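J.: Heads up: the protein sequence lines correspond to chains A and B, in order.
Each residue of the first sequence is one higher than the one before, starting from 7 at the first, in our numbering.
Each residue of the second sequence is one higher than the one before, starting from 7 at the first, in our numbering.
Keep in mind the hints are simulated off the structure, nothing from the lab.
Here the structure is a predicted model, which is why all the values come from computation and not from measurement.
Here a beta-carbon is modelled for each residue, glycine too, at the ideal position from N, C-alpha and C.
There could be a bad hint or two in this list.
[Unchecked claim] Ranges between beta-carbon positions, derived for each pair: (1) Gly231/A / His335/B: 27 to 37 Å; (2) Ala38/B / Asn200/A: 41 to 51 Å; (3) Ala216/A / Arg191/B: 50 to 60 Å; (4) Gly55/B / Pro26/A: 29 to 39 Å; (5) Leu334/B / Ala221/A: 51 to 61 Å; (6) Gly40/B / Gly231/A: 46 to 56 Å.
[Said to hold, decoys possible] Chain A stretches covered by chain B per the calculated footprint, using a threshold of three residues with CB under 8 Å from any CB of chain B: (7) 56-64; (8) 84-92; (9) 124-134; (10) 257-269.
Spelled out from the first residue to the last, the chains are:
Number of protein chains: 2
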Amino acid sequence: MARDKDITIYDIATQLGVSPSTVSRALKNTNAVGNATRKKILATARELGYQTNTFASNLRKQRSNTLGVMVHELRSNFITSVLSGIENVAAETNYDLIIAHSSENAKKERANANNLFHKRVDGLIASLASDTSNLHHFKSFVDKSLPVVFFDRVFEQDLGAKVIINNFKAGYDATQHLIRQGCERIAHITSSLNRNVYSERLRGYKAALADNGIAFDERMVIVDGLAEEHAAYSAKRILKLSPLPDGIFITNDFCAAVVMQVLKDAGIHIPEDMAIVGFNNDAISKVISPKLTTIDYPGYEMGQIAARQIISHLKGTSNINTTNTIILHSELIIRESSLKQIS
Amino acid sequence: MARDKDITIYDIATQLGVSPSTVSRALKNTNAVGNATRKKILATARELGYQTNTFASNLRKQRSNTLGVMVHELRSNFITSVLSGIENVAAETNYDLIIAHSSENAKKERANANNLFHKRVDGLIASLASDTSNLHHFKSFVDKSLPVVFFDRVFEQDLGAKVIINNFKAGYDATQHLIRQGCERIAHITSSLNRNVYSERLRGYKAALADNGIAFDERMVIVDGLAEEHAAYSAKRILKLSPLPDGIFITNDFCAAVVMQVLKDAGIHIPEDMAIVGFNNDAISKVISPKLTTIDYPGYEMGQIAARQIISHLKGTSNINTTNTIILHSELIIRESSLKQIS
DNA sequence: AAAAATAATGCAATCGGTTGCACTGTAAAT
DNA sequence: ATTTACAGTGCAACCGATTGCATTATTTTT
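Using the sequences and the hints, build the whole thing.
T.: Shown next, in the form of structure tokens:
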């Protein structure tokens with residue numbers, strides 16, 4: 007059986023002897039259509055299985071009903087949670103999503119921004135790649151008054167709305183906790199300090215040391231990637247420190263898990279010899295031994311909030327430029343990997 | 007500065023004194039345009055910053071240049087790898103992606119299929135929810151001759167092309183390995199047997215037992231969800247078996263990690279008391295103690311291949327209906343969690 | 001009862017790219 | 001030298017929904 011053509015508003019109009027304009031108006035909730043007519047139209051639309059042709063509609067309306075999402079990496083527990091949150095809100099509000107990832111590459115990020123712009127997304131949600139050094143590539147969005155919301159990795163002083171956590175406080179809390187457990191030589195494994203998330207955590211780490219009269223030693227800070235191979239290498243660098251640290255604050259749970267594995271293989275006892283604090287509260291933190299103390303980072307909520315921000319801006323309910331930065335609650339979750347003392 | 011309107015082919019046409027049709031033809035690689043004209047047009051297009059309006063183009067061409075992707079869950083390491091593979095190929099070939107997830111819910115899956123159909127995607131890549139019982143909701147795609155490729159979770163005998171691994175063999179290999187390690191009472195923790203991936207692995211498990219003269223005992227098979235809470239519960243059920251099993255084949259690495267955690271907390275030694283084999287070769291399998299023996303499942307490649315299948319079908323290079331099923335290589339990766347004997 | 005306001009609908013242009021058909025001019029074939 | 005072919009280009013009709021403006025019918029106001 008040959009496939010029939012799709013049903014259009016013209017088909018409905020012809021069948022009912024009304025004009026396409028009336029059908030169009032009836033299918034939305036414009037009140038400029040008589041009640042009887044509207045009912046007939048809606049009934050016929052359902053009966054014929056009418057579906058809006060979004061291309062025609064978008065073309066005419068000059069908007070896409072689509073949000074662009076740019077992430078620095080797809081294969082990450084945290085990012086997946088955020089995406090899931092965004093998707094949840096987008097689905098509810100009938101927005102579509104185009105997802106692009108930069109693989110931590112500024113060049114690809116620029117290409118993606120460009121691409122999404124030309125795909126005419128109505129708004130953008132983004133987390134920056136590790137080597138992005140400015141926001142020039144988002145300028146076209148700003149010029150066109152398209153809302154942009156950054157999450158997690160942002161430029162705190164630059165354009166766009168932001169949804170973040172207090173990374174300074176998180177870093178401070180993690181370090182303070184290690185100090186309270188009796189650690190005196192605390193190392194810090196982190197990633198590109200160009201990114202606020204890492205530089206702020208470092209700042210918190212330093213502040214906690216200072217507040218406790220511990221001298222900062224830059225050899226104790228290891229900056230590298232967070233993927234498996236980098237993590238293993240960082241762990242080896244830890245093992246070469248002399249004297250060995252008695253605590254490590256690591257800005258990523260997966261990285262912490264790999265580091266712990268290497269340390270354990272080297273005969274180091276955790277937490278007795280070295281206490282560990284991770285970051286993110288990924289599922290992995292509960293299935294490694296010892297269980298990982300970490301900072302709970304509400305990714306799903308972050309996604310939902312970023313999406314809601316954008317969408318309520320688009321619907322005119324609120325203006326994204328007035329509430330510029332939203333800080334979500336994050337907190338230290340204490341598990342075995344850092345418990346030297348039973349308090 | 008007020009934003010200028012977007013550049014259209016009409017702007018280019020006017021500027022050069024040619025017709026829009028010629029511009030349109032020049033911008034694609036139709037050979038029906040003179041060489042000099044084409045060059046001028048391309049130069050002007052670049053200079054003015056012209057970008058195709060995809061809505062207009064899609065509307066006219068009646069296709070979207072977009073692939074729909076339906077997954078049963080977003081927050082999964084395996085799925086993320088697949089998505090990453092799909093994205094990689096889609097980006098190369100200039101296809102967009104719309105990603106929808108069913109949260110393991112057949113009803114939502116049906117809604118998603120419907121939605122993607124009406125968004126007029128050019129093709130569909132899908133993995134089934136755990137309680138999906140038929141493929142009726144994909145019929146509209148078939149009727150419209152839109153290609154559908156299923157991956158991972160498929161109906162092996164039903165419509166559509168499939169990209170899968172040999173789950174029977176994987177199950178057989180995992181079980182055979184445990185038997186070779188001296189296990190005699192092997193439990194199996196798995197999920198919905200309506201899904202080929204789980205039923206086939208179970209079949210492999212049974213076949214290996216049979217081939218080694220071990221009687222199948224259905225109390226040794228635990229069917230439940232694979233998320234954290236279900237996994238913990240399954241572990242408790244294992245602990246209630248009497249006699250205790252001396253080996254477990256678990257169809258998911260994360261689930262295996264949780265189970266191991268619970269077993270270890272209960273004082274069971276792995277692999278001495280109980281050997282464990284997981285499934286997927288997620289990153290997690292290498293950072294838990296002991297490291298997890300598992301089946302390597304090439305998610306990224308699976309995504310790439312599914313996407314390539316669809317796209318080459320769409321481009322007319324190959325017909326998806328002729329190569330109906332593609333089976334990817336998977337293999338047992340032996341680590342500490344199952345090594346009872348140093349062989 | 002006449003005038004004014006309002007509700008319900010239609011007309012037709014518009015969004016921007018694509019493509020079948022027709023036309024022109026030059027090159028190739030006879 | 002004539003016919004034939006074809007490369008290069010333009011015309012105009014689409015694709016389907018939206019919306020400002022005009023028109024008609026109906027209700028309200030005075």
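J.: Take the hints in turn and mark each one as holding or not.
T.: For each hint, the structure was consulted:
1. Gly231/A / His335/B: 27 to 37 Å: holds (29 Å)
2. Ala38/B / Asn200/A: 41 to 51 Å: holds (50 Å)
3. Ala216/A / Arg191/B: 50 to 60 Å: For Ala216/A and Arg191/B the Cβ distance comes to about 58 Å; the hint holds.
4. Gly55/B / Pro26/A: 29 to 39 Å: Cβ of Gly55/B to Cβ of Pro26/A: about 35 Å, so the range 29 to 39 Å holds.
5. Leu334/B / Ala221/A: 51 to 61 Å: holds (55 Å)
6. Gly40/B / Gly231/A: 46 to 56 Å: The hinted range 46 to 56 Å holds for Gly40/B and Gly231/A, with Cβ atoms some 52 Å apart.
7. 56-64: With 7 residues closer than 8 Å to chain B, the stretch 56-64 of chain A meets the three-residue bar; holds.
8. 84-92: holds (count 4)
9. 124-134: holds (count 3)
10. 257-269: holds (count 5)
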